[in-house]
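Single-letter residue listing:
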Amino acid sequence: MTDQEILAIFTRILRDLLADDAISLDMATTRADVPGWDSFIYVTFIAAAEMQLGIRFRVADVESFAKVGDIVAGAHKLLTK
Amino acid sequence: MPPAMSTMAWLPSPPDFRRALKSALENGRIEERVEALVALAQFRLDFVETIQLDSALARTLAVFPSATSSAKMPRIRLGLLASATVDHLLPAVRVAALRRRMLIDPYVGGFGQYRAELLEPASGLRRFAPDVILFSLGWRDFLGGVPLAATADEAHRAVANAMAELRTLWRQARESLHALVIQQSFLDVTEPLFGSYELSVSGSPASLVSRLNMQLAEAVAGEGGLLLDIARASARDGLGTWFDIARWLQAKIEVAPQAAPLYGELVARLLAAQRGQSRKCLVLDLDNTLWGGVVGDVGLEGIVLGEGSAAGEAHLALQRYARSLAERGIILAVCSKNESGIVEEAFRDHPEMLLRRSDIAAFLVNWQDKAENLRTIAQRLNIGLDSLVFIDDNPAERARVRESLPMVAVPELPDDPAHYVRCIADAGYFEAVSFTNEDRQRVEQYAANSEREALRDTMQSMDDFLRSLDMSVEYGPVSALDVPRVTQLINKTNQFNTTTRRFSSEEISAFASDPRNIALQFRLLDRFGDNGLVSVMLLSGRMDDPAVLEVVNWVMSCRVFGRQLEDEALNIAVEAARAKGFGQLRAELITTKKNAVIRDLFAGLGFAPAGASGAADTTHWSLDLRGHEPRPTFIHRGASA
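First to last, the protein sequences are chains A and B. Residues -1 to 79, numbered by the working numbering, are exactly what the first sequence covers, in order. Residues 4 to 644, numbered by the working numbering, are exactly what the second sequence covers, in order.
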């Protein structure tokens, strides 16, 4: 799976969770850039991403992701393991 | 492997969820939009889809606040008191409620603040005024301080103290907030320290949780509450599906998001059961469902059923489960495209058939459309179509029934009949909040009913039929022993129910013991047997006019409609009212979607219209007791308590 494909999946998940199809993510997006993407929605987002991609992030990594690009890179690493 | 319970595989998968949701939201007609959302709730949705549907519902209700009254959906105010994060469970609870045409207005108490929420006079929970309070607590709140080295005595005392504390919380909820209590069992999220020796150590966390859970069912029932047994439900799939340590660490989430849709489903089942909305009848297809093979093709000897073959035992297991459900009070029916002759023969002569023809209350074996036959079954049994569960191995028949009768529950069966029972059990159609003597006897009563019907067919007139039944009524005030059945009858009865006011068992006890009130219960007996406690009338003296006795609610089981019990019950009520010096009976009739059968009840019984009130769905009636003549019936008076 390419990083762009992962990004598309993440975008879809966040749009679904926040009921907002106008949301658009890129690698540099941070949580603060997206209204409503609070810490609770973040955990829900991680759970949904894990379910759809069939991966499990490390708890420490989830805490340290700063930008969407970090989450994509983290997912990429787990998918190619 | 059978599908895990948490996947809710008995619900069909949605064709294209996103598109369906979008088109529902684009519908400008409010009734149609709400119906489209209800329809979407019938599908199998993961937790993200559940959140999407819930937010679509929330947006719809925000724009059209009147949507729910036009859709005739009850709104339930649910307070959640939790010591873990539960916000992600709310969408699941609301969607599962929507699946049953109920709407939930939730309030989530402050994290871990349940004592303050209950006790403080100005708390958010108190201002919210919940109908129901759900306690979703962790075992550590109550037993976290017990040392591993605790003696058996110390450990038992700690559990007893925990139960006492819980009881105090429930009483607070019930007595000062007047809410129905739902207590969730404690998830055993402890890690083993000793292995198989775990439960031999009284102070081990697993021992404490297990002891607490064991006492919970009885304790909560004793306080008039209900148990939400997620500990048992989680054992169906294993704790791993329900609890995810990563989520706990990340957000103090105890019930994992993946399990949220099932959690919501379990809550909604309980709420629906409490309102008398659980299903009542299991309708079974025959070929490749109750037995293997097509009996019309392979003959009696050719069908696969019974010991000796694994597949035959699988079909037998379904029969056994159906029989157990019947013993629980669930009505059985058959709906099959077949020649009735050979099917009767199979029931009568096949040595491995466990179900007998007499176990089946409605038997529709013909070549008609199954949706039509299901309508007939509901009519004959005098229950709503939304009381039926239809089991059929054929996906085309299932789809056809779902399309024409969306209110009938039609589970997606797994491919292998070996898993049929598990699928039906997991789907939880028959959720119960009590098990009464009437439930235990229902099988015989329905069998007797078919004998009654056979008799009616041979009679020239209705009067001849009623006379030949040799009916008698046993009646009396509602006693403490009657309370469970009386509560169940009032809350389960939707058709003959004059006001659809629902009561908890405490409220019934309190009502019956108030000297201003008269609470009457009636049993109907006839030559075929005892129909059980089939009618309840709650009468209350009016504060504003001491001569007037008000019919607060009157319910009657559909099994005895049209047998003149309504006339005889009124005769008895009139006598009781006169004995207490009342001069007039007043009643109101609140029409619902389901009680059309009694639209003309009071007029038919000789009541006069008594003015109108604001509510369009309510009519008012009065009966002057002076000069009122008893209504003639064929019912004798039996023992009166």
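Warning: the hint list may mix true and false statements.
[Said to hold, decoys possible] Selected chain B positions facing chain A (Cβ under 7 Å, derived; list incomplete): (1) P5; (2) P6; (3) T10; (4) V51; (5) S58.
Keep in mind that the hints were calculated from the coordinates and are not lab data. Keep in mind that this is a model prediction, so the values were computed, not measured. Just so it is clear, CB atoms sit at the ideal spot from N, CA and C, and this is done for glycine as well.
Here is what the structure says about each hint:
A distance limit of 7 Å between C-beta atoms decides the matter here; for P5 (chain B) the minimum to chain A is near 21 Å, and the interface restraint is violated. Given the 7 Å rule on beta carbons, the hint for P6 (chain B) is violated: about 16 Å separates it from the nearest Cβ of chain A. The criterion of a C-beta within 7 Å of any C-beta in chain A is not met by T10 (chain B), whose closest approach is roughly 12 Å, and the hint is violated. Annotation: interface hint on V51 (chain B) holds; nearest CB of chain A at approximately 5 Å, less than 7 Å.
Because the smallest distance between the Cβ of S58 (chain B) and any Cβ of chain A comes to about 4 Å, under 7 Å, the interface hint for this residue holds.
When each numbered hint is compared with the structure, violations occur for hints 1, 2, 3.
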